[in-house]
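Novice: Residues per chain are reported as follows:
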Amino acid sequence: MKILILGAGRVGESVAESLVSEQNDITVIDIHPERLAALQDRLDLRGVVGNGIQPSVLREAGADDADMLIACAPLDETNLVACKVAHDVFHIQTRIARVRSPEFGDGTPLMGKEGFAVDEVICPEESLTTYIRKLIQYPEALQVLEFSQGLVSLIAVRAVDGGPMVHHVISDLPQLVPGLPMRIVAIYRRDAMGVDRRVICNGSTRIELGDELFVLAANQHIRPVLDSLHKRSEPVRRVMIAGGGRVGLRLARHIARECNVKIVEADLQRCEYLTTQLPSQALVLRGDSTDEDLLEHEGVQETDLFLALTSDDEDNIMSCLLAKRMGAQRVLALINRRAYADLVQGQGTQIDIAVSPSQTIIGELLAHVRRGDVAAVYSLRRGDAEALEAVARGDEKSSKVVGRRIDEIELPAGAQIGAIVREGPGADLKPAKEVIIPHHDTVIRSGDHVIVFVPRKRMVRQVEKVFQVSATFF
Amino acid sequence: MATSLAVIGLVGRLVVLFALLMTVPLAFALSAHDPAENAFLIAIGVTFGAGALLSVATSRYKRELQPRDGFILVALTWLVLPAFAALPLLLAIPGLSVTDAYFEAMSGFTATGATVLTGLDDLPLSINVWRCFLMWVGGLGIIVLAVAILPLLGVGGAQLFKAEMAGPMKDAKLTPRIAETARGLWVVYFSFSLLCFFAYHWAGMSWEDAFMHMCTTMGLGGFSSHDASFGHWNSPLIEAVAVFFMMLAGVSVAMYFVAWRQRSLRVLWRNVEARAFVVAIVGAIALISVYVWYFGAYDTYAEALRHTMFHVVSVGTTTGYAAQDYGQWPLFASLLMILLGCFATCAGSTGGGIKMVRMLLLLKQSSHELVRIVHPNVVNPVVMGGQVVSPRVLQNVIAYMMMYGATLVGLTMLLLFSDLDVVTAFTAVIACVNNIGPGLGEVGPAVNYGSLNDFQTWVCTFGMLLGRLELLSLLVLFTPQFWRR
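Going down the list, the protein sequences come from chains A and B. Here my numbering is used: the first residue of the first sequence is 1, the next is one more, and so on. Here my numbering is used: the first residue of the second sequence is 1001, the next is one more, and so on.
These are computed hints drawn from the structure, not numbers from a lab. Glycine included, each C-beta is placed from N, C-alpha and C at the ideal position. Take these hints with a grain of salt, some might be off.
As the list claims (entries may be wrong) - The calculated label-pair distances, taken between Cβ atoms and stated as ranges, are:
(1) A:P279 <-> B:L1472: 28 to 38 Å
(2) A:P279 <-> B:Q1395: 45 to 55 Å
(3) B:V1388 <-> A:P33: 40 to 50 Å
(4) B:F1478 <-> A:T108: 33 to 43 Å
(5) B:I1373 <-> A:N24: 39 to 49 Å
(6) A:M193 <-> B:S1367: 52 to 62 Å
(7) A:Q137 <-> B:S1367: 49 to 59 Å
(8) B:G1385 <-> A:K433: 25 to 35 Å
(9) A:E302 <-> B:Q1395: 52 to 62 Å
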């Protein structure tokens, strides 16, 4: 696939990084030659210097035969215009724009063919906010990701004393927590060297203390699944947010009514702006998020969740460490640099959750780039693993999955089918969807949405091939 | 010198405009052939003559108005016009003193509704029409009217507008041109008045009464053509119509204008001030109706509710109609109503008082101050309607409140000095400064201001003017800095 990426900022860079390894031809357009040079050195792609809304620049970048434009320049207007030009002048098939302003939503006439011709709007801030809100809703989880419009969730959780399943082998689970359909698709365990290793996950695997587990379950079962692996945490009531940037503001706006929110921001003008945008219950504090006096005075020791959401990785890490040391229940840091994220997250370190902003949106993009019928993709463990929702098409002759039992499907080693969403006739003839946690003898039907956990990124292509319909179908 | 002459010229033109307004009661007088015909003819002649003389004599002095000229013009206008307005009253009502006539005219012009007259039912129709019509004009403001219909005030119009319109935040222009704004306001006001007029007639008033009460309802004034006021009809339907339109008039006219331009009622609902106004009134009705019923002023709760609703809205919106002698209610209930009248109406409405928006700003400012004590690092500027209220506006509001308090205390002391009892003195001052009308005690709803002596009447007159021009516009004239070059 030929992909144009507009903007070599943080988002553009990580988009390029995750797409380049999937055998795509990537061209990045940016006005800063030095950024492009750095990117070209590191990744196998082409850089074009220029303003991406100009047809001449787009043409030079190969817009004439490009399949996709991903516009993630810093300004909304650049992205919108670039999509328009890509559509009207170059007839590029798929146009994705990063738009920050909530007033340009998906599906409005303004975004249609007559308008800016944007197929898909992505907003990293919004994805991050959703992501963090899930963590507030389920304080025990490390990550909760939704598939099939929220019917199924992939839950990452650390096994902790107090969960009935801890210290037991997986095949005992049905007896321990009866009537709870769930599938553990992966277990990561930290070895003596301090490196997380994936443990072979079968019936005889024992769940140990501190294991990071990935579990698939229907959405209504998230709560019991967490309870079985983790002692129940207090619901999140007191939240302190360091950094009143776009993410901080969006998040605070969503949770201000149910939680007690304090938001620490250094810039006075920004503080005043925040007060105009937030309900009056939210407290806006001016100061440095790494100022321990401020944190102490504002009761960081009592907070259930401390969120460091500034744009500075180092500040986020330091303020999280500080907050944790001072007694915050859980701390979450926004970390852009992958090396840092690997460094600080996990057992033994002080930071409970490290979130990488770029990773959260890659999934949205990947679903468009992937061939075959891929409805959703999430990048996990900082890009190492992936969970994807593939649609089984065709019939027994043309497809390698339809009409086959799970154990007959040739998936790469370690890849696991964790859940199936099947459309069935519902109660009052409405097409209701049913979540199936499959066994080895479950047979896949055409139209099923199959959720697969893929432990290595390089296996993704093999999995996709399995789901592709062979030519005889046509 | 040239400046003040130019201002006087403008006052002259306003006086001419005012003479034209007098033709409305004259028309009533002519059609009914009532005894005040001559009084109006003479008054119009004198007014028109004086106005024309003033503007012709100073026609050589023309210049753009400075901000300070605006204050002089507004103050002069509001002092001079009631004098002309009092002329027909003086001529047509035998035995009326100049003091009382001026008081009555000022009370009408500032939409207060305090009266010194008894035997209203026996007055010539045209005199009653004039008293009420004054309220309709004065309610929204004569200068706003002048800006709207006459290309008279030029660029300086915005300044005048600000000095006359009520409320702390007057800088938000609704339209690019001030005249268009003024016109919009009057169109809205006029349309509601028309509705109100027909509604009253439909509810059972005669055409004349419907017109007069429409004027005093929309202006939130409170004059009536009957001594018994709304008690004359004793009709729940008429009271309901009055309650509806008083509530309507208690919200900023500008808000309706904006809502009409955007073709959306959401503007009104999303307006914090309008919401607070409705909540305050409804809350007070709930509280007082139960209280009055509990203390046995009425036999049934339904009756108590009906009368409380009418009077709370009437006094709370600074109108001041009475259908019952609420002076006989427990003091808590009647005093609470009057206190509600001090702040309930919205800025930009025809009501008087502190205005709800100032109250909200003060409340927010105070509660934020408390938060600041607990959290020294907090940033919590006062936010109103999604915008930070500048400290400048807050200081202005606080200064206003200081002066408001000082005015109340000062005027009350003056009345006490003149040997009035404390309830009468205090409520008379509150009722005048907030342009409510009836107070309690000797100036209660069953009696009127006729029992006051000349000195006390003048104090009340001054209070009404201070309240209508929102203190600052008038008090600025008393500062040496204002006059120093």
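Novice: Against each hint, give a clear statement of whether it holds in the structure.
Specialist: Okay, the hints, checked on the actual structure:
For P279 of chain A paired with L1472 of chain B, a C-beta distance near 33 Å keeps the hint of 28 to 38 Å intact. Between P279 of chain A and Q1395 of chain B the beta carbon distance is about 26 Å. The supplied range of 45 to 55 Å is therefore violated. Judged by the Cβ atoms, the range 40 to 50 Å given for V1388 of chain B and P33 of chain A holds: they are separated by roughly 41 Å. The hinted window of 33 to 43 Å between F1478 of chain B and T108 of chain A is violated, with their beta carbons roughly 58 Å apart.
At roughly 59 Å, the beta-carbon separation of I1373 of chain B and N24 of chain A lies outside the given 39 to 49 Å, and the hint is violated. For the hinted restraint 52 to 62 Å between M193 of chain A and S1367 of chain B, the CB-CB distance of approximately 56 Å keeps it satisfied. Taken as a hint, the range 49 to 59 Å is violated for the pair Q137 of chain A and S1367 of chain B, whose Cβ atoms sit roughly 31 Å apart. As the Cβ distance of G1385 of chain B to K433 of chain A is approximately 44 Å, the hint placing it in 25 to 35 Å is violated.
Between E302 of chain A and Q1395 of chain B, the C-beta spacing of about 37 Å breaks the proposed range 52 to 62 Å.
In the structure shown, a violation is registered for the earlier hints numbered 2, 4, 5, 7, 8 and 9, in ascending order.
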